[in-house]
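Protein chains: 4
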Amino acid sequence: MSGNTLGTLFCVTNFGESHGPAIGCVIDGCPPGMELSEADIQADLDRRRPGTSRHVTQRNEPDAVEILSGVYEGKTTGTPIALLIRNTDQRSKDYGNIAQSFRPGHADYAYWHKYGLRDPRGGGRSSARLTAPTVAAGAVAKKWLAEKYGTRFRACMTQLGELPIPFENWEHVPHNPFFAPVADVQAYEDYMDALRKSGDSCGARIRVQATSVPVGLGEPLYDKLDADIAHVMMGLNAVKGVEIGAGFASVAQRGTTHGDSLTPTGFASNNAGGVLGGISTGQDIEVSLAIKPTSSIISPRESIDIHGQSTEVITKGRHDPCVGIRAAPIAEALLALVIMDHALRHRAQCGDVVQAVAPIPAVRLG
Amino acid sequence: MSGNTLGTLFCVTNFGESHGPAIGCVIDGCPPGMELSEADIQADLDRRRPGTSRHVTQRNEPDAVEILSGVYEGKTTGTPIALLIRNTDQRSKDYGNIAQSFRPGHADYAYWHKYGLRDPRGGGRSSARLTAPTVAAGAVAKKWLAEKYGTRFRACMTQLGELPIPFENWEHVPHNPFFAPVADVQAYEDYMDALRKSGDSCGARIRVQATSVPVGLGEPLYDKLDADIAHVMMGLNAVKGVEIGAGFASVAQRGTTHGDSLTPTGFASNNAGGVLGGISTGQDIEVSLAIKPTSSIISPRESIDIHGQSTEVITKGRHDPCVGIRAAPIAEALLALVIMDHALRHRAQCGDVVQAVAPIPAVRLG
Amino acid sequence: MSGNTLGTLFCVTNFGESHGPAIGCVIDGCPPGMELSEADIQADLDRRRPGTSRHVTQRNEPDAVEILSGVYEGKTTGTPIALLIRNTDQRSKDYGNIAQSFRPGHADYAYWHKYGLRDPRGGGRSSARLTAPTVAAGAVAKKWLAEKYGTRFRACMTQLGELPIPFENWEHVPHNPFFAPVADVQAYEDYMDALRKSGDSCGARIRVQATSVPVGLGEPLYDKLDADIAHVMMGLNAVKGVEIGAGFASVAQRGTTHGDSLTPTGFASNNAGGVLGGISTGQDIEVSLAIKPTSSIISPRESIDIHGQSTEVITKGRHDPCVGIRAAPIAEALLALVIMDHALRHRAQCGDVVQAVAPIPAVRLG
Amino acid sequence: MSGNTLGTLFCVTNFGESHGPAIGCVIDGCPPGMELSEADIQADLDRRRPGTSRHVTQRNEPDAVEILSGVYEGKTTGTPIALLIRNTDQRSKDYGNIAQSFRPGHADYAYWHKYGLRDPRGGGRSSARLTAPTVAAGAVAKKWLAEKYGTRFRACMTQLGELPIPFENWEHVPHNPFFAPVADVQAYEDYMDALRKSGDSCGARIRVQATSVPVGLGEPLYDKLDADIAHVMMGLNAVKGVEIGAGFASVAQRGTTHGDSLTPTGFASNNAGGVLGGISTGQDIEVSLAIKPTSSIISPRESIDIHGQSTEVITKGRHDPCVGIRAAPIAEALLALVIMDHALRHRAQCGDVVQAVAPIPAVRLG
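For the protein sequence lines, the chains are F, X, D and S, in the order given.
Using our numbering, the letters of the first sequence map in sequence onto residues 1 to 366.
Using our numbering, the letters of the second sequence map in sequence onto residues 1 to 366.
Using our numbering, the letters of the third sequence map in sequence onto residues 1 to 366.
Using our numbering, the letters of the fourth sequence map in sequence onto residues 1 to 366.
Treat the hints as calculated values from the structure; they're not laboratory data.
One should not assume that every hint holds.
[Stated by the list, open to error] To give a feel for the contact side, a few chain F residues facing chain X, derived at Cβ under 8 Å: (1) Gly-161; (2) Ala-183; (3) Val-242; (4) Ser-261; (5) Thr-263.
All residues carry an ideal CB built from backbone N, CA and C; glycine is no exception.
Let the sequences and hints guide you as you build the complete structure.
As structure tokens, this is what we get:
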């Protein structure tokens, strides 16, 4: 398996390149009988779409999704759901100047060595554009989980470059271009404007959360729920770190502090991030991601060409100066796909899953 | 699949419980013709073994491995290698008092809800004892990778509780009970003695490294090398965070800093941690883990019993006050299993892999 | 996994319905660097295409394939190859009269019970139309195997209803509408004309052969080469029996007859059909299939409706009176996909495969 | 994957060699809470065991199974069930004379070419002895299916060499050494005695049946129920042909005959063998197998040695002159494993399965 399929029971097979004719995916294993239309999927695609603010790539892609199969008379049939998104705004000429050399921090060096060739148009297969089909598939998973268990997914930015973003309220997230949980984002607007002007890029930290997750999801020994979450999150372009619950802070915690006390009305804290022994506890799943700065920048960088000779690389074209900005809806989709897969795996072995244990106290990280 | 198999081509299927008659694994997909004996495996098992210092559990297990199949006249045959380790020092009575209640931070709550029952003897299947077969399988992978590519694995502790451990030299690691890369470990001895006396536990941070890794390993889109590394590492008992290369520090880096420059003699830095676009670059693979404090502690904790009633839990028995101490050889094994699997996947699709790109400059993290 | 992906390393994920907007597949795992164009695939699709003689369905589908991804500058890149075939000649109204009842011998009864709904348009997902993407994927496998090992695939009809078709020569196969290895097909033309007039359908027997197959392909214990061949062949619509080599005739053979003698110049016979112990021997792979008569016939049949009430069913629409007629190119494709997958599996574990053992004597079945 | 794991959700990983220290398997995915003991498994192992009549190999193996894991207080826990069978009656010296040459019709030629070596002791991994762990795993599946759905499995011999065995009654099967459904087996006793005396071997035909199979099992497109049945059956040692329902007889049937009429009280016939469109219909599953004559015979055969030189081979040692005789319980186990896997797959995607449609008329093949 060449790694383009995600999931064991709710399987998403992704295809396409940034500058090819189309991208898309095939979802295999969706339960039959769920109402599904393009509109259900388009909403999340629009949240991820480029060109929506001056802080992201100006490539203009409507990312309109077409359902090719698996839905009959408005309902899923249980057969593969093929989703197609045509590429419409490729400008391959922008990439001509980097076809013979390698961008520092970019996948093109590794692709060249692995396959003996590479598609330099927009990064080809390594482009973050390929997260669009993942988001589309995630929308299907979200809908099923919401209808079946009331599970919800949300994500926000908690740090932009060196600026921490305090958590005020989830309500602010949809109202600013940064997916920031704060009312006033002027500081981040200014930061990004200065960054763009400098020709550089920056990293970001993203928090992802799932609520009303059924208890009992996750397969020990190796396919633990948190292991599979780490897999999808680290596999997202530019991610260099993943935390569950207290994450790296747990290193300096004592056992008497870290272990979340249980009470007759629920857990007293959530250092576990909703997972114990690799299995969901019914608490909120809490994940945090470190996203590195974009490698495609206009500032000149020292590098080599395909013949191993020293050269200088400048990446023109339309790139996100902070890929973390658009990562929130993608991270939600990835978390939904993992939970969906484990929901099906659970009912295969253990029968239908139990609803989230109630009441779960509102103790949350950050 | 219930999650007890790791890998797609070099497949390890793990079985057993902490206090059952035996634990073990079946390795399927090992190339034929490699010399292999129990001694090749025992060395790593001995590094992970309990009872080797006063800072780890005093359970006395020789962890002697028996090869049941897959080796003929001292060589692997290409058929499944079954490895068996008999349990010899179970004391199930130690666990009687916790069979009816849940330990805060422990898997038993989740197992109970998932399966409708649990094996309370030593945590049953959720016990860290089940890492022994993983270490055994990892030893087989290490041997093949060393012979074929010269790949080497090592790990050390970089933080114990709130005490950071500076990096002095890899040579110190085998000479102290903490896998610490320092000459003088008195501070850590004292720290652990005080911790044990207090009846509490602490976390740790572990660094894992692979050198001479062939370039080109890793399968985009979803089964990237770093994604699969994150999967196995987060799946290790008690791990709450995983970083590749610069990890969470990359959030505050600029693109001009983070992206490792390429020069005719190699990369100028290793913020990437040896992976670009999910594919190995030939640089050292660098991984860092956050390990939470042990949940099984002697200090009384607030909890509930299986009927949902309030209770107090004290965990007697023999437990590691810092599970991170024995994590180093396990983390090495997990990294070896991932790289082995991707080496086979690579040669399936692309033919035999290229040796590590040379020369690789000695730039390393930390 | 819902069963729409074939193969473990050369993976084909099939999607679409007979009367939806499109059908297609995603091939994951194709080695990089092979020249590939739509023309390479179209040739086999044209051999399978409906409407090419009066003996097959008169549905007029050009089955024009579009490569959506995985090919750059005329060469495979090692990333997923998505193939799209638009449906152009659906006439859903033809099926209105059977939406409320079940055709004897047809999948619609089983689909109804499995999914709680069904797509009655042309059989939806159960239609033989879904073999088109399989044929397209098989063409890619055939090309790689031919270039790498010189492996070739061919199939012919050996029985039509109760009429055995003697084997004269492979050269005749492309020159008649039955894929029959004989020069004179008048008897079969007459037979089919009479059958159509009677409103009935008939079965067929198909022989499939691969030549110049490398020795050593196949994974014991469970994924033997012949086991995987039986899997794909029995999974082909309407197939009720599969034989390898001597097949059912071997029941009455003695060991002294059945076991193919080995001589310094090759095997003396091929009762094994090219497989011993589940592993290819370098001899020709020989497979035989039993294909049942089409269930969609115009003759009235006793049946029940979806409420369990007695009814009579007549299937109008455009159907193949003998689905076996178009089965030859599909069976070739299926055999190619199995051998391709095992070629990649073999080189993953054992390194690159050995060429077919030469000389292979020309002893062939029937 | 090297092919030693069967199933996608109820996964059986098989290990061991005929003359190694032990054979066994790991079952992953068994639902928790089912009562299980060694006795539940031993019964089927005893039916398959060698040495039970003069017509089978005289190797004396008790085949005593030990449960190493996955069962706690007499119930399955949902974690891997490891089963171990020690080999006790190996006589490796019997095989010394064939280590340097290849037996016609035997796997050793293919193993040699695949792996570059082979284990000549009793055929090593290719030995029919490795069906014992499969039978053990099948016993677990049978128990779960019987308790959950009332599904039952049985198999009998329908032809021995050139002697057809008429079907009288299933009740006779356990009362003769041939698993023959007839009261008087004198003819078969005589046939086998003469065969043994002649130093030759013969084939057999086996019928396998599952009753009370839930409707809706099977995953189109590729993992159809009949496809997966064909996979396991063709993968059984010595099998050269597989039929479902009417099998090869369907070639000469007309559609008006083959398609089983539906009536308000059930199907009027069972040419389909219980599967339509790859999905179970609730009718009995009917399978037929062709088993070739044993290749290990005492009569001298023309062959080559490992240097390609002409030689003569005589196989001493203890072999079954008709491996089909012990195939009945193995075929039952294989069918049970496939149905078990699909039962779990079905409830993953579609929720819990429906009971077998009743009443199913008693129309049965042959």
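List, from low to high, the hint numbers that the structure doesn't satisfy. Violated hint (a single one): 2; every other hint is consistent with the structure.
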